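Student: Residue numbers (the working numbering), protein chains in the order written: chain A, 54 to 398; chain B, 54 to 398; chain C, 54 to 398.
If a hint is listed, it holds; no wrong ones were tucked in.
Same chains, same names: a pair is fine if it fits in one copy or spans any two.
Cut-off 25 Å, straight-line C-alpha distance, at most; resulting in silico cross-link-like pairs (DSS-like, lysine-lysine):
1. LYS198 - LYS311
2. LYS198 - LYS138
3. LYS381 - LYS365
4. LYS156 - LYS143
5. LYS198 - LYS143
6. LYS198 - LYS165
7. LYS145 - LYS156
8. LYS138 - LYS127
9. LYS365 - LYS385
10. LYS127 - LYS114
11. LYS146 - LYS156
12. LYS146 - LYS165
13. LYS198 - LYS146
14. LYS365 - LYS378
15. LYS389 - LYS378
Since the hints were derived computationally from the structure, they do not count as laboratory data. Since the model is a prediction, treat every value here as computed from it, not as a measurement.
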Amino acid sequence: MLTVSQLAERLGADLVGDDSVEIDVVGPLGTAEGSTVTFISDDRYLSDLQDCQAGAIIISKKAEGFNGAQLIVKNVTAALIEVLKIFAPKLKKSVAGIDPLAKVGENISLGKDVSIGPFVAIDDNVEIGDGSVIASGCRVGENTKIGSDTRLDSNVVVYHNCVIGNNVIIQANCVIGSTGFGYSFIEGAHRLIPHNGKVVIEDFVELGPGCCIDRAKYGQTKIGAGTKFDNLVHIAHNVIIGRCCLIAGQVGIAGSSKLGDGVVLAGQAGITDNVEVGDGVMVGGGSAVLGNIEAGKRIWGFPAFESRDALKATAVFRRLPELSKQFKNIVKRVDKLEATEDNRS
Amino acid sequence: MLTVSQLAERLGADLVGDDSVEIDVVGPLGTAEGSTVTFISDDRYLSDLQDCQAGAIIISKKAEGFNGAQLIVKNVTAALIEVLKIFAPKLKKSVAGIDPLAKVGENISLGKDVSIGPFVAIDDNVEIGDGSVIASGCRVGENTKIGSDTRLDSNVVVYHNCVIGNNVIIQANCVIGSTGFGYSFIEGAHRLIPHNGKVVIEDFVELGPGCCIDRAKYGQTKIGAGTKFDNLVHIAHNVIIGRCCLIAGQVGIAGSSKLGDGVVLAGQAGITDNVEVGDGVMVGGGSAVLGNIEAGKRIWGFPAFESRDALKATAVFRRLPELSKQFKNIVKRVDKLEATEDNRS
Amino acid sequence: MLTVSQLAERLGADLVGDDSVEIDVVGPLGTAEGSTVTFISDDRYLSDLQDCQAGAIIISKKAEGFNGAQLIVKNVTAALIEVLKIFAPKLKKSVAGIDPLAKVGENISLGKDVSIGPFVAIDDNVEIGDGSVIASGCRVGENTKIGSDTRLDSNVVVYHNCVIGNNVIIQANCVIGSTGFGYSFIEGAHRLIPHNGKVVIEDFVELGPGCCIDRAKYGQTKIGAGTKFDNLVHIAHNVIIGRCCLIAGQVGIAGSSKLGDGVVLAGQAGITDNVEVGDGVMVGGGSAVLGNIEAGKRIWGFPAFESRDALKATAVFRRLPELSKQFKNIVKRVDKLEATEDNRS
Numbered sequence: 054m055l056t057v058s059q060l061a062e063r064l065g066a067d068l069v070g071d072d073s074v075e076i077d078v079v080g081p082l083g084t085a086e087g088s089t090v091t092f093i094s095d096d097r098y099l100s101d102l103q104d105c106q107a108g109a110i111i112i113s114k115k116a117e118g119f120n121g122a123q124l125i126v127k128n129v130t131a132a133l134i135e136v137l138k139i140f141a142p143k144l145k146k147s148v149a150g151i152d153p154l155a156k157v158g159e160n161i162s163l164g165k166d167v168s169i170g171p172f173v174a175i176d177d178n179v180e181i182g183d184g185s186v187i188a189s190g191c192r193v194g195e196n197t198k199i200g201s202d203t204r205l206d207s208n209v210v211v212y213h214n215c216v217i218g219n220n221v222i223i224q225a226n227c228v229i230g231s232t233g234f235g236y237s238f239i240e241g242a243h244r245l246i247p248h249n250g251k252v253v254i255e256d257f258v259e260l261g262p263g264c265c266i267d268r269a270k271y272g273q274t275k276i277g278a279g280t281k282f283d284n285l286v287h288i289a290h291n292v293i294i295g296r297c298c299l300i301a302g303q304v305g306i307a308g309s310s311k312l313g314d315g316v317v318l319a320g321q322a323g324i325t326d327n328v329e330v331g332d333g334v335m336v337g338g339g340s341a342v343l344g345n346i347e348a349g350k351r352i353w354g355f356p357a358f359e360s361r362d363a364l365k366a367t368a369v370f371r372r373l374p375e376l377s378k379q380f381k382n383i384v385k386r387v388d389k390l391e392a393t394e395d396n397r398s
Numbered sequence: 054m055l056t057v058s059q060l061a062e063r064l065g066a067d068l069v070g071d072d073s074v075e076i077d078v079v080g081p082l083g084t085a086e087g088s089t090v091t092f093i094s095d096d097r098y099l100s101d102l103q104d105c106q107a108g109a110i111i112i113s114k115k116a117e118g119f120n121g122a123q124l125i126v127k128n129v130t131a132a133l134i135e136v137l138k139i140f141a142p143k144l145k146k147s148v149a150g151i152d153p154l155a156k157v158g159e160n161i162s163l164g165k166d167v168s169i170g171p172f173v174a175i176d177d178n179v180e181i182g183d184g185s186v187i188a189s190g191c192r193v194g195e196n197t198k199i200g201s202d203t204r205l206d207s208n209v210v211v212y213h214n215c216v217i218g219n220n221v222i223i224q225a226n227c228v229i230g231s232t233g234f235g236y237s238f239i240e241g242a243h244r245l246i247p248h249n250g251k252v253v254i255e256d257f258v259e260l261g262p263g264c265c266i267d268r269a270k271y272g273q274t275k276i277g278a279g280t281k282f283d284n285l286v287h288i289a290h291n292v293i294i295g296r297c298c299l300i301a302g303q304v305g306i307a308g309s310s311k312l313g314d315g316v317v318l319a320g321q322a323g324i325t326d327n328v329e330v331g332d333g334v335m336v337g338g339g340s341a342v343l344g345n346i347e348a349g350k351r352i353w354g355f356p357a358f359e360s361r362d363a364l365k366a367t368a369v370f371r372r373l374p375e376l377s378k379q380f381k382n383i384v385k386r387v388d389k390l391e392a393t394e395d396n397r398s
Numbered sequence: 054m055l056t057v058s059q060l061a062e063r064l065g066a067d068l069v070g071d072d073s074v075e076i077d078v079v080g081p082l083g084t085a086e087g088s089t090v091t092f093i094s095d096d097r098y099l100s101d102l103q104d105c106q107a108g109a110i111i112i113s114k115k116a117e118g119f120n121g122a123q124l125i126v127k128n129v130t131a132a133l134i135e136v137l138k139i140f141a142p143k144l145k146k147s148v149a150g151i152d153p154l155a156k157v158g159e160n161i162s163l164g165k166d167v168s169i170g171p172f173v174a175i176d177d178n179v180e181i182g183d184g185s186v187i188a189s190g191c192r193v194g195e196n197t198k199i200g201s202d203t204r205l206d207s208n209v210v211v212y213h214n215c216v217i218g219n220n221v222i223i224q225a226n227c228v229i230g231s232t233g234f235g236y237s238f239i240e241g242a243h244r245l246i247p248h249n250g251k252v253v254i255e256d257f258v259e260l261g262p263g264c265c266i267d268r269a270k271y272g273q274t275k276i277g278a279g280t281k282f283d284n285l286v287h288i289a290h291n292v293i294i295g296r297c298c299l300i301a302g303q304v305g306i307a308g309s310s311k312l313g314d315g316v317v318l319a320g321q322a323g324i325t326d327n328v329e330v331g332d333g334v335m336v337g338g339g340s341a342v343l344g345n346i347e348a349g350k351r352i353w354g355f356p357a358f359e360s361r362d363a364l365k366a367t368a369v370f371r372r373l374p375e376l377s378k379q380f381k382n383i384v385k386r387v388d389k390l391e392a393t394e395d396n397r398s
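Work the whole structure out from these sequences, hints included.
Tutor: So this is what it looks like as structure tokens:
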């Protein structure tokens, strides 16, 4: 429980209104109650303020018609992040050291305050940097290097020879460094092409649960610094993803494709193999990307092309049954005009 | 091995035909043999009965031309469920108690006959109700509450502060309560918005393997009572799903969207963020739902609209190359008619 | 480090050029350096050879304009597989025996040199053949049979009564034998139809990480010999897949559908329930297959039909906004022609 004036101090916010209101939770406008601090990051919602019962609001300029306290800040989202941290549930810190129920190989190098949870299996020659946490049930394969302040949640599997940077978060049940889908049909059978490469995950990458990232055949599969994945993303062998990309849920990227920096792929989008997607490209949900995409484009559809054009084509698509009827009608009218013309000549 | 008369008694069925036939397995019409009991739940398959070698059939009214015994019941599917239970493989019951190879935190409250399997990690302040089974390799995070007669299969991860009801089944490798995909781009980096909310899974929910359900930013992500999920479903933060929905394999639902009761989403469908899908809506496989959908609608397509209309539009789509040719032809014919007309004037 | 003449001997290759070059890695044309052996499996890339810095190349006939050594072989891909094996990272062999931190049930039958890793839970009456490796964190359910030289990577869950053949590879976090998505709505609730069947995985099947294969209601879900899966594939109950199929990432196959031999499904394709897909069918990425497909067809699209036709229809689709305008124009012109005609008569 904090008073709004305490909150204002911690956020560096200007406080408007009753400074004694007490706050214990962060919540959305619609369901906010007296001890809730809420926020408005979009002027569209200003009109909802009148009915809002929140004790306080984070907002970028003073609003009219709101009864609670107002915390005026420059960047509402940045302040929201701070306030969510302040009211985050208090959880026990991971215990430093190797749990007696973990199984650790030979020639392991652990930094300061590393926490290895129970039922973790770590193979030989693994390095883990200061402050990293390997939660219960993980497996870390031979020769893999994990940086500092990195977190592997429960049941993550990292195969051998992978490189994971600093400040990385890999949520539960992800698989890193699996063998890719590379076969050659020789003498009546699909024969696996060995995958000698690795996966490199750079600093500040965060992966949602259930993602699978295959190792390279040779060289590396790479996820660039600051890139974030949602749940259940599939990354094939030799894919290269740039920095600060956002890859939403259930996206799949096929072998050897390359994404630039700042690419955004919405949910369930698929990228075919061996294509290049330029910096800052935004791909709409469910799209099938079948070729190279120039930097900065917004594309969508099955297959994907420029979103504006795809939306127009889709609008006509919906009218196709009607257009088809109208077309039949025009054919009849032209038939008739021609018949009249024929009779005349 | 049961005789059909024993079966009839256990099902409350009327028996027609030889009452001494012995049955030891349930199977489909096509491959049924002498000791198989099969069933007909759809009159379309009545004609297949003549070649059917099953020892007995479960059916809603007496059929002609079938040699085996007939078990006449009111509800064929309900009887099928009973008979499948009767002939289910006999498996060892989970042992009550905490396996010596589990790791259990402090201040845990376990009901009667709870079974905690080997390699399970349970954090502090967890409550688990009577008769629930936590299978090998699971992780249950701090403060999470699990009801009675609930089953977590192997390697399920439930993060902190979640609430799971009674009679819930969560199949292997699901993840509940992961942090959602919420970022804000501030000073050159995607900064994670902390997720202070939880996941609430109500009674009688059943989840297929590999599903991932993210916790809410604030408030809750909720799966309503009696809702069932197939495999590898992705549920984003703050999604609210009603009661008795059916969510098929690889469906994805983006952030803050709401489903009413009795919604059916077929495989690989995607629902965009912040939309409302009304009670009883049925969404066809692979559909992309991009807006609110009124209760009771059947929709399909990419993007989805009313199934009947979408099927018609798709039929025209397939004829587009032919229509395009015909259109060129009409243009020529109109050019010619105009030319004739021009010559005339 | 091997000299190219040593390599030539091991590959049975004819050597052209300097036989003293030393090689320690396999890599692609573009980034190859002096100690790299690369390859050309497609004449399209012959022109890239001039700038290639590789120490050696595997190729099917002597090329001009390449400075390094040439290893001339009949089958480039087969030689590539061999050379990748030669330069594969050296990893520790799995230790035979049961890890002291594994939990093994009663009446287990283990072949010679079986390796059961730490934190593995094996239920009663399981059989595992010679040389198989069950990695850390796996669960193997009651009565399941696993063949020889088969590999379950970490955290794989195989439920009861399943049958897994010889030389099978199941990568991390796969789930085999989960209960399928079969419900019947009876008295106001979805009631689960018990799944008494099993999953059968034949010899030489390989599964990418995170795949989920449901058991059959009765009879079996079957994956035919030599079939390979990519990551995060969803297979519903009673699906039958033939031999030597290739199923790419995030594909989903709904209940009771049958695939013939040699079927190829590209990424994110979906097959609806109860359809038959003939031998050798190729389905393009993201396709929705809604009906039976004859052997040998190549199909694509949403919904899928013959790829050639679907590509043509898609090309017209992109021009729909323009065509719609042109159509309006034609309607006006026909209106005008008719008006002229009306005035005349």
